[in-house]
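K.L.:
Below are the chains, spelled out letter by letter.
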Amino acid sequence: MNTKFATATAVLLASAGTGSAEKIKFEYWYGLTGDLGAVVAETCTRFNASQDMYEAVCVGQDGYDKAVQNTIAAFRAGKHPTLLQSFDAGTADLMLSGEFYPVTQLMADTGVTVDWTDYFPGIANYYSSKSGEFFSMPWNSSTPVYYFNKDHFAKAGITEAPITWEGMEAAFVALKDSSQACGLAYAPSSWIDLEQFSMAHNVPVASNNNGYDGLDTELLFNTTLHVRYMEDVQRWMTEGYAMLRTQAAGKTTRDSFVEGECSVFFSSIADHNTIHKLTPSFGWDVQIIPTYEGVERKNTVVGGASLWVLSGKTDEEYKGAANYLAFLATKEEQQFLLENSGYIPVTKSTYEALKAEGFYAKEPFINRDIAMKSLTWSEPTELTRGIRLGGMIQIRAEWMAEVEAALAGQKTMQEALDTAVARGNDHLARFAQTYAGKSFP
Amino acid sequence: MIERTPILNLATHVILIFGLVIILVPIWLAFVAATQTLQAVNSAPVELWPGDQLWVNLQQAWAQSDFGPKFVNTLIVAIGVVVGKITLACITAFALVFFNFRGRVLIFWMIFITLMLPLEVRIVPTYAVAANALTPFQTIMDWTGISWLITALSGVEVALEWNLLNSYTGLILPLVATATGTFLYRQFFLTIPDELVEAARMDGAGPLRFLWDVLIPLSKTNIAALATIMFVYAWNQYLWPLLVITDRASYGMVVVQLSDLVPDQLTTGGGTPTWHLAMAATLVVMLPPIAIVILMQRWFVRGLINPDK
Amino acid sequence: MRRAYFKFSWIAAALLAPQLLIIFVFFYWPSAQALYWAFTLEQPWGGGNTWVGFDNFRKVLSDPYYWGSVRVSVIYALATTVLAMTMALTLAIFVDRQLVGYKAYRVAIIWPYAVAAPAVGLAFQFVFNPGAGIFSYINSIAPGWWDLSKYPWQAVTAIVVAGAWKQVAYSFIFFLAALQSIPRSLTEAAAMDGARPLRRMIDLQLPLLTPTFFFLLVINITDSFTDSFGIVDTLTGGGPFRATDLMVYKIYADGFRGFDYSGAAAQSIILMLLVMALTFVQFRYIERRVHYT
Numbered sequence: 005m006n007t008k009f010a011t012a013t014a015v016l017l018a019s020a021g022t023g024s025a026e027k028i029k030f031e032y033w034y035g036l037t038g039d040l041g042a043v044v045a046e047t048c049t050r051f052n053a054s055q056d057m058y059e060a061v062c063v064g065q066d067g068y069d070k071a072v073q074n075t076i077a078a079f080r081a082g083k084h085p086t087l088l089q090s091f092d093a094g095t096a097d098l099m100l101s102g103e104f105y106p107v108t109q110l111m112a113d114t115g116v117t118v119d120w121t122d123y124f125p126g127i128a129n130y131y132s133s134k135s136g137e138f139f140s141m142p143w144n145s146s147t148p149v150y151y152f153n154k155d156h157f158a159k160a161g162i163t164e165a166p167i168t169w170e171g172m173e174a175a176f177v178a179l180k181d182s183s184q185a186c187g188l189a190y191a192p193s194s195w196i197d198l199e200q201f202s203m204a205h206n207v208p209v210a211s212n213n214n215g216y217d218g219l220d221t222e223l224l225f226n227t228t229l230h231v232r233y234m235e236d237v238q239r240w241m242t243e244g245y246a247m248l249r250t251q252a253a254g255k256t257t258r259d260s261f262v263e264g265e266c267s268v269f270f271s272s273i274a275d276h277n278t279i280h281k282l283t284p285s286f287g288w289d290v291q292i293i294p295t296y297e298g299v300e301r302k303n304t305v306v307g308g309a310s311l312w313v314l315s316g317k318t319d320e321e322y323k324g325a326a327n328y329l330a331f332l333a334t335k336e337e338q339q340f341l342l343e344n345s346g347y348i349p350v351t352k353s354t355y356e357a358l359k360a361e362g363f364y365a366k367e368p369f370i371n372r373d374i375a376m377k378s379l380t381w382s383e384p385t386e387l388t389r390g391i392r393l394g395g396m397i398q399i400r401a402e403w404m405a406e407v408e409a410a411l412a413g414q415k416t417m418q419e420a421l422d423t424a425v426a427r428g429n430d431h432l433a434r435f436a437q438t439y440a441g442k443s444f445p
Numbered sequence: 451m452i453e454r455t456p457i458l459n460l461a462t463h464v465i466l467i468f469g470l471v472i473i474l475v476p477i478w479l480a481f482v483a484a485t486q487t488l489q490a491v492n493s494a495p496v497e498l499w500p501g502d503q504l505w506v507n508l509q510q511a512w513a514q515s516d517f518g519p520k521f522v523n524t525l526i527v528a529i530g531v532v533v534g535k536i537t538l539a540c541i542t543a544f545a546l547v548f549f550n551f552r553g554r555v556l557i558f559w560m561i562f563i564t565l566m567l568p569l570e571v572r573i574v575p576t577y578a579v580a581a582n583a584l585t586p587f588q589t590i591m592d593w594t595g596i597s598w599l600i601t602a603l604s605g606v607e608v609a610l611e612w613n614l615l616n617s618y619t620g621l622i623l624p625l626v627a628t629a630t631g632t633f634l635y636r637q638f639f640l641t642i643p644d645e646l647v648e649a650a651r652m653d654g655a656g657p658l659r660f661l662w663d664v665l666i667p668l669s670k671t672n673i674a675a676l677a678t679i680m681f682v683y684a685w686n687q688y689l690w691p692l693l694v695i696t697d698r699a700s701y702g703m704v705v706v707q708l709s710d711l712v713p714d715q716l717t718t719g720g721g722t723p724t725w726h727l728a729m730a731a732t733l734v735v736m737l738p739p740i741a742i743v744i745l746m747q748r749w750f751v752r753g754l755i756n757p758d759k
Numbered sequence: 431m432r433r434a435y436f437k438f439s440w441i442a443a444a445l446l447a448p449q450l451l452i453i454f455v456f457f458y459w460p461s462a463q464a465l466y467w468a469f470t471l472e473q474p475w476g477g478g479n480t481w482v483g484f485d486n487f488r489k490v491l492s493d494p495y496y497w498g499s500v501r502v503s504v505i506y507a508l509a510t511t512v513l514a515m516t517m518a519l520t521l522a523i524f525v526d527r528q529l530v531g532y533k534a535y536r537v538a539i540i541w542p543y544a545v546a547a548p549a550v551g552l553a554f555q556f557v558f559n560p561g562a563g564i565f566s567y568i569n570s571i572a573p574g575w576w577d578l579s580k581y582p583w584q585a586v587t588a589i590v591v592a593g594a595w596k597q598v599a600y601s602f603i604f605f606l607a608a609l610q611s612i613p614r615s616l617t618e619a620a621a622m623d624g625a626r627p628l629r630r631m632i633d634l635q636l637p638l639l640t641p642t643f644f645f646l647l648v649i650n651i652t653d654s655f656t657d658s659f660g661i662v663d664t665l666t667g668g669g670p671f672r673a674t675d676l677m678v679y680k681i682y683a684d685g686f687r688g689f690d691y692s693g694a695a696a697q698s699i700i701l702m703l704l705v706m707a708l709t710f711v712q713f714r715y716i717e718r719r720v721h722y723t
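Protein sequences appear in the order of chains G, P and F.
Take 5 as the starting number for the first sequence in my numbering and just add one per residue.
Take 451 as the starting number for the second sequence in my numbering and just add one per residue.
Take 431 as the starting number for the third sequence in my numbering and just add one per residue.
In short, the hints are calculated from the structure, not lab data.
There's no promise every hint is true.
With a cut-off of at most 27 Å between alpha-carbon atoms, the simulated BS3-like pairs for lysine-lysine come out as follows [claimed, not checked]:
(1) G/K442 <-> G/K83
(2) G/K159 <-> G/K366
(3) G/K83 <-> G/K323
(4) G/K134 <-> G/K323
(5) G/K359 <-> G/K281
(6) F/K580 <-> G/K180
(7) G/K27 <-> G/K83
(8) G/K415 <-> F/K580
(9) F/K596 <-> P/K670
(10) F/K533 <-> F/K596
(11) G/K377 <-> G/K154
(12) G/K359 <-> G/K335
(13) G/K335 <-> G/K27
(14) F/K533 <-> P/K670
(15) G/K27 <-> G/K317
(16) G/K442 <-> F/K489
(17) G/K366 <-> G/K352
(18) G/K415 <-> F/K489
Could you build all of it, start to finish, from the sequences and the hints given here?
P.N.:
Laid out in structure tokens, this is it:
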């Protein structure tokens, strides 16, 4: 990474010395930190070096929640940026406030061309309105998969990584029989266990098609297959096939997997890059998340964040932002992101081009595109477009606290989920009351 | 030490060493983490002995965060806060303790209450004030009709603006607003014997002379303690600077950069857990505060201060 | 407060004005707005709000989990304060004896205060890791005994220790400064009167420390209510199952992360009232035992 910085800086300095006219500046506040934050900063440097009309001023905000929160503070004082990287749970309030510039319209107004049909439907739907207009620009997209230890699987005689939960349970039994102490490293994750699970199984998380159709939404996950799944997880833990692995418990699921303790763990495909860097001493691979037999599998949806264009800025800043967004959507820039992270391509053409070049046949990218398979398994249905709920952070927190209590034996899983739904519905009602009279665009 | 007490001395050392070990364990572990590779720092069990990557990690953390200018910025802000806070605390507490007026207690409480509402809760409206520090006055003038009056009389439109964003003032002023120093000085001033004050008054000293000639020299240890605390407090700020400074190259502060090295827990995965770099950066970042602590030690030394005049 | 000496004059007003001005602009003005939100349902991005009177308060106070949060906050505040101040006082008294190497002790004990808040949480993750150090020994004898994801009391202990850690350093600085400003002549006179070190400590040093003690008591308790969310965030995330959900952490999670400005504002007012009440009690009943002169 350091040499890339140096080169980019050199290019920038060189271009700055050619006596260019005053560049139009616009600000972009992003939430990624660490090495991913460095990638974002690098895209800005590359954009600035690639043309001399606009300059992106990219400011890291040390975290998704702080990025959104700081933008709100700045917005209320009229000092906000043009672009904001917002995570999924941060968008409901923004959408209902209407204080954003839908990117489809932005591109049309500024005359910048983006091929909206090139985006994978599973990604496009998450970020668009009912009429197909993109609100925000996808950039760092991911979806969950599970990582498995090939050596352990081979020893247990498992030839194919299962894609059904029944197959998964059989795998756990086989692993135990081959004296593997731990089959699944588990940490409750609302994104994977509740949201993505429901997508893949085409069951609702909440009414109103997961909140798309109105604000009088109520949670439904204590009545769907989700209950059976959580009860299965609880059973696997008591029977010794799965172990709770969280930071508080001493090591995370990823740590447990990397050191060869547990054979399977679930996470975003974005961790694919991280696992490579941690150099596990065994062979490993990824597989799409399982579904129950007899269920017609549907697509999973994206996580990650998207770029929102905020209202109240000048036309020039909007032009600059539009150019930056289009820049990010090019194959070269997508490839830059993919090479430096575990994310996946968002446009079909980029994916096809990379496949043709053999990108996904070389380490460390081999089989990373299985995530695409999960994302594009089917055309999105009404229930698999995504989730639009207010108070999403609180709902996730309620789910998490209740599931932890159930797993610790304090209540049954059904009771836990019932409580989570009841408390979550309070949050939803409060949200609806706050935005009375409004509806999602 | 006044008499020879070998057993008590031994006990003293034992207790101190024990306390020291307990206190320094986390710092030791942080140091060990800073000396490891990415793989080592992410594997259990947690190592108790250092690795060999310290220099490598330090270099990488420094380069990635561009700490140089940020150290300078943070130093400027910290010194500003120290000077501002000590001055304000001293004169405010002096006025509250030594002057007789109604509402002394009320004003003290009004200052004290500022400790009870954490910054995070009021950060959104505080930012609006930082964006235009004269907003309160503008609003008051608008409500009371004064701005209308001024415009009617002179044709000049009243639009006060003082933008504190991306400036040292914007970093220093809000941090100077807390009550700890005033409270500390209040405690100290309350211990001043009546005789001392009477003696000064009989010498014909007015309040300011009393403050300057008598109280300030007496409060040297307090100043030292408060200066140390305030310097470290200002040095370690990250929530407020993160918000008001977008021009990181010119005004960025160090702990904001430090937080940037830690992968965000809210992302759905993907960030490499570079704890080793974060810990290496921590070691670097805590050096100036430690240096200040060592520097200010001289003022804690008994004997340099002679309170009996 | 004690009898004052000078009559009120423009000098006093001029001395008070700067601090009052600053806290008006940077505290009272913004806080008034933030607290006003407690009586409405505020939309984060602006765009309006609905007046709901005391509804937010009613909702917060009728939530059983909220009272759990209040309970653990009070326990946390008392535990960290007692732990931190006891350790700090003990260490300060012993360092004050100025034996060989006392300067090094001084720096080492103050050191934790210099560590930045984000780093403290990270460092303590290493400390409390069940796979490391002390805890791995314990766990090898009694497997699974130390498990922060299972036992609420362990999680609370962990945050209390992490919270007290920085407060020890802070309190130590002030205790030591106060001890060091006791005139040597006084201690020598006491020694000549035949008082042994322990006696001198009880009769001479401790009473003279009471103003500082009071200061630290109030500050420690206040800070442990208002400053503690960072530690909870990195160590336990409020868990397991809400066991370490401190009031200030809930405010942060709801308001800052969850965009519920009104709920967070209502909770903040309740927190402020609680801390004010505690402080008032301390000023009323404990300050009268402080020896100022």
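K.L.:
Any of the earlier hints contradicted here, and which numbers?
P.N.:
Result: no hint breaks.
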